[in-house]
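**Q** Take these sequences, add in the hints, and give me the full structure.
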Amino acid sequence: MAAKKNDDRSTPPPLPEPLAVPVADSHTHLDMQSGTPAEGLARAASVGVTTVVQVGCDVPGSQWAANLAAEYEQVHAAVALHPNEAPRIFLGDPDGWSGQRRSPGGRTALDEALAEIDRLAALPQVLAVGETGLDYFRTGPEGVDLQKESFRRHIEIAKRHGKALVIHDREAHEDVIAVLLEEGAPERTVFHCYSGDAAMARTCAEHGWYLSFAGPVTYKANHPLREALTATPLDRVLIETDAPFLTPHPYRGRPNAPYLIPVTLRAMAAHLDLGEDELATAIAANTARAFGY
Numbered sequence: 001m002a003a004k005k006n007d008d009r010s011t012p013p014p015l016p017e018p019l020a021v022p023v024a025d026s027h028t029h030l031d032m033q034s035g036t037p038a039e040g041l042a043r044a045a046s047v048g049v050t051t052v053v054q055v056g057c058d059v060p061g062s063q064w065a066a067n068l069a070a071e072y073e074q075v076h077a078a079v080a081l082h083p084n085e086a087p088r089i090f091l092g093d094p095d096g097w098s099g100q101r102r103s104p105g106g107r108t109a110l111d112e113a114l115a116e117i118d119r120l121a122a123l124p125q126v127l128a129v130g131e132t133g134l135d136y137f138r139t140g141p142e143g144v145d146l147q148k149e150s151f152r153r154h155i156e157i158a159k160r161h162g163k164a165l166v167i168h169d170r171e172a173h174e175d176v177i178a179v180l181l182e183e184g185a186p187e188r189t190v191f192h193c194y195s196g197d198a199a200m201a202r203t204c205a206e207h208g209w210y211l212s213f214a215g216p217v218t219y220k221a222n223h224p225l226r227e228a229l230t231a232t233p234l235d236r237v238l239i240e241t242d243a244p245f246l247t248p249h250p251y252r253g254r255p256n257a258p259y260l261i262p263v264t265l266r267a268m269a270a271h272l273d274l275g276e277d278e279l280a281t282a283i284a285a286n287t288a289r290a291f292g293y
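Just so we're aligned: 237 in the working numbering is position 237 of the sequence shown, and the numbers increase by one with no gaps anywhere.
It is worth saying that the hints were derived from the structure and are not from the lab.
Each residue gets a CB set at the ideal place from its N, CA and C atoms; glycine is no exception.
A portion of the hints provided could be inaccurate.
[Stated by the list, open to error] What follows is a set of in silico ranges between Cβ atoms, one per label pair, in the way DEER data are often shown:
{"no.": "1", "residue 1": "Gly106", "residue 2": "Lys159", "range": "39 to 49 Å"}
{"no.": "2", "residue 1": "Glu116", "residue 2": "Arg138", "range": "14 to 24 Å"}
{"no.": "3", "residue 1": "Thr281", "residue 2": "Arg101", "range": "41 to 51 Å"}
{"no.": "4", "residue 1": "Gln100", "residue 2": "His223", "range": "37 to 47 Å"}
**A** Written as structure tokens, this is what we have:
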């Protein structure tokens, strides 16, 4: 039985029924998924997911995202240093969390990395700066100030280039909002994989920010997240996979990919008591408006 369970967890979920109204996956990592990007995009398109935002988390990943978006019309790029990346560039990464065992690079290395993100952000196929923000789950207190500095510099880059800002917020809700208000959020700001409560959703809506919901909104125990979805104005709702992570119920723990967007969308529509076509129509329009395509 144990072997079968492990096999099940490594097996991609089946293709869902196609959506009648095409939508976008507003946040995915095709470079971390099995198979080629062309195969992943074809599977997604076959079920009505016709656009994806490929998100970079470090300099190589951001370069890869920009190159992919230049190759495929249906791919848009977001480029950034993930909140956990900035401290590891500056302080070093002896545990190899990022896949690279690095010695401390200090100010010079961080400035060089941000300069490359700035260069990439100017490219026409790059529609967003992100994922940036704060993550207090994985980086300890020694990295908080560096995360905040990096976040502020990404905000400036997004505003200067007129690009959307994609927020990564993990266990840092109050500080993320505080930095956005202090710096002045870009006109188009997206909270990726929204994880706050209904009160925070209302605060975000007051500022015109977009909230993108992922697989966790389908998990049985996540009532507060569904309450946040209810509290979000329909014209501010986006959807994403964050694939290969956060696979929706009933496939949790198995590989995620953009083609599973319909599973999450149908769960969201049922919770909101909306037809799936109505929700898909709103999400498609919201995503195009949020990212400016």
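**Q** Each hint: holds or not?
**A** Hint by hint, here is what the structure shows:
1. Gly106 - Lys159: 39 to 49 Å: Since glycine 106 and lysine 159 have Cβ atoms about 27 Å apart, the given range 39 to 49 Å is violated.
2. Glu116 - Arg138: 14 to 24 Å: The hint (14 to 24 Å, Cβ to Cβ) holds, given that glutamate 116 and arginine 138 are roughly 23 Å apart.
3. Thr281 - Arg101: 41 to 51 Å: Taking Cβ atoms as reference, threonine 281 and arginine 101 lie about 48 Å apart, which means the hint holds.
4. Gln100 - His223: 37 to 47 Å: With Cβ atoms ~39 Å apart, the hint holds.
Hint 1 alone, counting from the list given before, is not met by this structure.
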